[in-house]
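To convert a position in the sequence shown, counted from 1, into the working numbering, add 175.
Don't read these hints as lab results, they were simulated from the structure.
Do not rely on the hints blindly, as some may be mistaken.
Listed below are the simulated DSSO-like cross-link pairs for lysine-lysine, each with C-alpha atoms no more than 27 Å apart in a straight line [as the list claims (entries may be wrong)]:
| no. | residue 1 | residue 2 |
| --- | --- | --- |
| 1 | K272 | K290 |
| 2 | K278 | K290 |
| 3 | K312 | K323 |
| 4 | K278 | K302 |
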Amino acid sequence: MDFKSTKSLLMILLLLAAFGAQAETRYVTDQAKITMRSGESAKHRIVRMLPSGTAVTVLSTNAGSGYSKIRLADGKTGYVLTRQLLTQPVARDRIVKLEARIKELEASPGELSSKLAKLSREHDALKQAHQALQSEKDAIQSELAELKRTSANAVQIAQERKTLRKQVATMSRDLANQEQEIRELKNNSTQRWFLIGGGVLLGGILLGLVLPHLRVKKRKDSWGSL
């Protein structure tokens with residue numbers, strides 16, 4: 176299907192849709208202008224002339240009189256013939272909009288390509304940013320694991336240090352006790368040698384006093400035997 180056929184088909188579909196279901200928002204029929212009156216008859220005063228394609232809001236419809244109460248965009252209310260309202264914009268306005276859209280689509284391939292290139296660049300930038308964030312996340316997780324390991328080691332080291340301190344304190348007490356025992360043994364040994372030395376000295380003195388008397392007595396005994 177060529178472009179002209181597509182354009183014609185779209186126009187036909189839009190024209191057919193103009194006769195679809197009713198909606199709250201209606202459009203003035205494809206005429207030059209219609210009258211909006213103050214009441215539901217041709218005898219009521221004309222309050223405004225509405226151009227073709229004007230969008231209005233239908234507040235109520237009276238099938239007996241053939242009029243509908245409407246409200247304009249500026250809040251003004253009045254009555255118009257129901258048959259002069261359409262559920263969609265008039266064909267002329269729709270065709271104008273459709274032609275403008277077609278021209279926009281005809282002129283947009285370059286713009287779409289530019290937008291696509293821009294989106295591709297943005298996608299690449301976001302992908303790189305995501306990869307950088309992922310790398311940073313991995314590094315942080317690695318640091319966290321190392322901190323947890325270090326923390327566990329620190330607790331173990333602290334416990335070992337506490338145990339060593341207790342052992343050092345125990346060994347220090349044992350060493351102090353041994354040093355005290357050595358000092359006591361040294362004191363006892365000194366006293367013992369002092370006593371031994373005193374005893375030897377005293378024995379020598381006694382021998383020095385006794386031996387001369389023994390010698391004199393022995394001589395006397397010798398002379399008596401003669």
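Hints and how they fare:
1. Restraint check for K272 and K290: satisfied, since their Cα atoms lie roughly 24 Å apart, inside the 27 Å limit.
2. Restraint check for K278 and K290: the C-alpha separation of about 18 Å stays at or below 27 Å, so the hint holds.
3. Between the alpha carbons of K312 and K323 the distance comes to roughly 16 Å, so the proposed pair stays at or under 27 Å and holds.
4. Taking the CA atoms of K278 and K302, the gap is near 36 Å; set against the 27 Å cutoff, the hint is violated.
Of the numbered hints stated above, the single one contradicted by the structure is hint 4.
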